[in-house]
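Protein chains: 2
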Amino acid sequence: MTEEQVKALETEFRQYVKKIQDYNQALSLLAWDSRTGAPKKGVKQRSEVIGTISAEVFHLSTSEQMAKYLKELREENVYAQLSEITQKTVDECHKNYERNVKIPKEEYKEYVMLQSESESLWEEAKDKADFELFRPNLEKLVEFKKKFIGYWGYEKHPYNTLLDDYEPGVFVETIDRVFGELRDQLIPLVKGVTESKHQPKTDFLFEKFPKENQKELSLDILKEIGYDFDAGRLDETVHPFAIGLNPNDVRVTTKYNEDDFRVALFGTIHECGHALYEQNISLDLLGTPLCTGTSMGIHESQSLFWEKFVGKNYGFWERNYDVLKKHSTGQFDDVSLEDFYFAVNQAKRSLIRIESDELTYCLHIIIRYELEKALMEDKLEVKDLPQAWNEKMEEYLGVKPSHDGEGVLQDVHWSFGAFGYFPSYALGYIYSAQLKEAIVKELPNFDELVKAGDLAPIREWLTTNIHQHGAMKKPAEIIKDITGGGIDSKPLVKYLDEKYRRLYKF
Amino acid sequence: MTEEQVKALETEFRQYVKKIQDYNQALSLLAWDSRTGAPKKGVKQRSEVIGTISAEVFHLSTSEQMAKYLKELREENVYAQLSEITQKTVDECHKNYERNVKIPKEEYKEYVMLQSESESLWEEAKDKADFELFRPNLEKLVEFKKKFIGYWGYEKHPYNTLLDDYEPGVFVETIDRVFGELRDQLIPLVKGVTESKHQPKTDFLFEKFPKENQKELSLDILKEIGYDFDAGRLDETVHPFAIGLNPNDVRVTTKYNEDDFRVALFGTIHECGHALYEQNISLDLLGTPLCTGTSMGIHESQSLFWEKFVGKNYGFWERNYDVLKKHSTGQFDDVSLEDFYFAVNQAKRSLIRIESDELTYCLHIIIRYELEKALMEDKLEVKDLPQAWNEKMEEYLGVKPSHDGEGVLQDVHWSFGAFGYFPSYALGYIYSAQLKEAIVKELPNFDELVKAGDLAPIREWLTTNIHQHGAMKKPAEIIKDITGGGIDSKPLVKYLDEKYRRLYKF
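Chains as they are written, first to last, in our numbering: chain P, 2 to 507; chain X, 2 to 507.
If you're looking for bench data, these hints aren't it; they were derived computationally from the structure. None of the hints are false.
It does not matter which identical chain is meant; a pair holds if it fits inside one copy or across any two.
Below, computed lysine-lysine pairings styled on DSSO-like, alpha-carbon distance capped at 30 Å:
no., residue 1, residue 2
1, Lys45, Lys224
2, Lys8, Lys110
3, Lys212, Lys41
4, Lys19, Lys89
5, Lys8, Lys72
6, Lys45, Lys8
7, Lys327, Lys202
8, Lys106, Lys8
Using the sequences and the accompanying hints, generate a full structural model.
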């Protein structure tokens with residue numbers, strides 16, 4: 002191929018890929034709409050529209066045309082002439098193509114039907130605390146995943162292939178090491194906190210905080226943090242999320258609980274962390290599959306960074322406690338800043354992952370990871386999951402579910418086959434602490450910046466080192482470039498250890 | 002073709018058409034989103050997404066596949082075996098196909114570019130009151146339309162082909178007659194109102210009515226009228242509209258002017274009229290191009306019916322004046338129901354169409370129609386439009402624009418080539434009065450029903466006679482089935498004559 006022919010092919014391919022991305026943006030808007038107030042009766046029609054566009058995206062991603070582009074563009078001498086963005090777009094499309102075409106169509110269809118059936122079945126099983134109701138479907142889902150791993154192939158460990166969907170370039174070997182260290186350090190810390198005589202007063206957290214006031218508070222805090230309202234909006238939803246159509250349109254949602262303002266407040270900060278990531282991706286990546294966060298774990302590191310290292314920073318509350326008081330109806334008037342700070346940082350063992358705190362959260366994830374891995378390597382059978390879950394809960398957290406609804410059935414993820422997803426949550430925590438250490442090296446006045454509300458340098462650091470790159474850099478590459486090393490649980494342990502020994506005086 | 006082959010072909014075609022409709026639903030959601038709070042910075046990306054999906058819709062509607070379907074399905078013996086819905090779907094797709102393929106691609110592209118350039122140019126020209134700035138583009142737009150009419154062909158009058166886009170089956174001959182009658186009757190009526198000594202007090206209309214209160218009022222009134230909130234939602238926008246994705250998802254929007262509550266109140270009722278139409282289309286028509294209002298005029302008749310014959314009915318205010326007072330902050334406390342009623346029915350000559358009232362509105366439309374028709378039959382040149390506009394304004398309404406910004410440039414429609422659209426507005430008025438007469442024949446207690454808030458029988462009448470049919474029946478067919486006759490301006494004239502002579506005592 003001549004240089005000009007390569008150029009022409011590159012342009013044509015990029016236009017083809019942009020079309021897929023345009024459809025994906027429409028799908029994102031449909032998803033956002035479905036979850037923020039779309040009319041109830043429209044559910045079925047909306048699903049069909051989503052189905053039609055998704056099918057088109059699947060078709061374009063696995064078409065003969067795509068195969069032809071990939072074949073031509075991946076030839077060594079052609080590939081070398083492409084821009085770096087196109088090269089990585091080719092890589093991404095190729096990975097996606099391989100994933101999709103290797104599963105026989107009929108089997109995939111069966112799997113999709115199983116997924117949609119399982120989600121409502123899971124819900125029923127959870128409500129009835131009846132694992133047996135869900136078991137047959139869960140067994141089939143696990144079998145499908147194992148078969149898919151067979152089609153896709155794997156290196157070293159079958160679970161690595163699942164990880165690759167959410168945390169590309171991170172392997173079981175690494176996770177085993179960092180999760181092991183983390184677990185061993187967290188268990189005694191949780192014990193220390195639980196047994197401490199010094200516990201926070203928390204009654205004021207649960208006094209009525211009107212929804213409208215919480216909304217105003219959320220808007221103020223989003224502004225404080227630097228969310229760009231010209232490239233986003235805040236809405237209400239049942240399960241909060243952030244969604245990026247493109248860097249110029251990244252929406253956040255929150256949920257208002259009038260009996261616990263923390264849900265909206267820290268939830269909003271969390272989703273804003275996700276949104277800042279997407280709002281600051283380089284516009285050069287528009288129209289490519291790289292114009293998104295690079296992995297679930299790195300995404301979660303951004304939401305957690307803002308939620309924990311900014312939103313739960315003492316200095317943040319030195320600055321913003323009055324803002325909170327202004328929007329509340331008096332519940333904090335007699336509460337000192339110290340008592341407030343201790344209360345919102347309360348740590349306690351809980352059965353439910355999504356109700357847990359920063360100290361205990363990772364243990365929930367580690368349990369889920371250990372069970373998933375055991376399932377995939379045939380060391381555990383689905384029928385034995387409830388018992389295995391309960392035993393680990395008791396061992397790691399010292400609490401035991403009274404039924405499976407608050408035990409192994411509590412999370413939806415498995416019902417749609419999302420095995421390999423959970424580790425990202427804990428990796429996000431680990432990454433966020435590593436980032437925090439790295440930032441403090443460059444911005445030693447981090448705490449003062451937060452206290453002064455001067456968050457621009459922090460946002461800029463994150464944009465330079467993480468956000469702008471979108472999916473151009475893989476997670477391990479980002480961590481290496483920032484820390485000079487690999488994934489490491491020590492910064493997180495150090496942070497939690499210092500913080501909770503200080504707060505709980507043990 | 003065997004019966005089974007026809008059946009199979011019909012199914013395949015309907016699936017093909019459903020795909021187009023699914024894309025159209027996504028486009029409707031994108032349009033709704035763009036106008037109800039989508040982030041500013043996302044405009045360009047959103048346009049590109051809309052462009053991509055629109056291009057796909059155009060492609061599917063004009064593809065060789067579509068041509069093949071139409072050819073096979075329109076064969077007499079095949080067509081006869083199709084369901085009525087499929088037959089009319091074929092007719093609709095064929096009409097659309099013919100429209101689209103007859104224009105040379107390059108020319109159409111040029112036209113689309115001219116449209117998009119002209120809209121911003123029009124805005125500038127209007128703001129500067131500088132017709133000359135817009136003239137060259139308007140001339141090109143008129144030339145394009147004439148050329149298109151040439152490609153499409155026409156019967157009797159070139160303008161008939163333009164009408165067919167908005168009011169299929171209604172022709173210049175009819176419009177000339179009914180508009181002529183209407184004009185001749187309205188001119189003296191407007192004169193009578195203007196010269197009457199008996200004029201309403203209106204100062205209380207313009208007192209501050211807080212936005213939040215207006216929103217609550219709008220919600221109450223929508224419920225009163227029977228808008229289905231499970232199949233819709235109310236949002237705020239700059240230029241209010243109703244949009245139906247499908248009958249289960251029909252959204253309305255409104256605009257709150259704190260210095261004139263009428264904008265939101267009557268605007269909401271108006272959009273609700275559109276929405277009731279779309280919400281009550283038969284679900285049998287889902288996934289076909291028939292699942293929509295049958296014409297602009299019939300659509301407008303629904304919005305106007307609710308706005309004028311219900312929302313400006315005296316009984317409606319006997320029932321709802323207290324609701325209005327409850328939401329307001331006291332501005333109506335000293336205003337009698339009679340004074341209020343007279344005030345919201347005030348009629349006065351105005352230069353601006355969208356600020357005009359039910360008495361004068363049609364004259365604005367008739368002027369626009371007469372000018373459009375003259376342009377298309379080469380009896381008027383673009384350069385002479387401002388003068389022609391001003392002369393007609395003076396003749397029909399007795400007012401004269403001081404500049405073209407409040408004259409011929411006031412409306413956006415021509416800037417995107419929408420010639421043939423304006424008559425629908427006045428036809429909607431005429432239809433709505435015809436409907437009202439027909440309803441009263443079957444529901445002689447119409448006024449009592451409105452006064453009692455018992456609007457279900459009225460909604461049911463409209464659903465039975467109009468809504469459910471979607472685009473299965475053409476406008477003339479609907480009017481014929483309801484009235485036994487044709488389009489007739491007499492009911493509207495009678496209504497206006499009685500009402501305004503009574504109100505203004507002349």
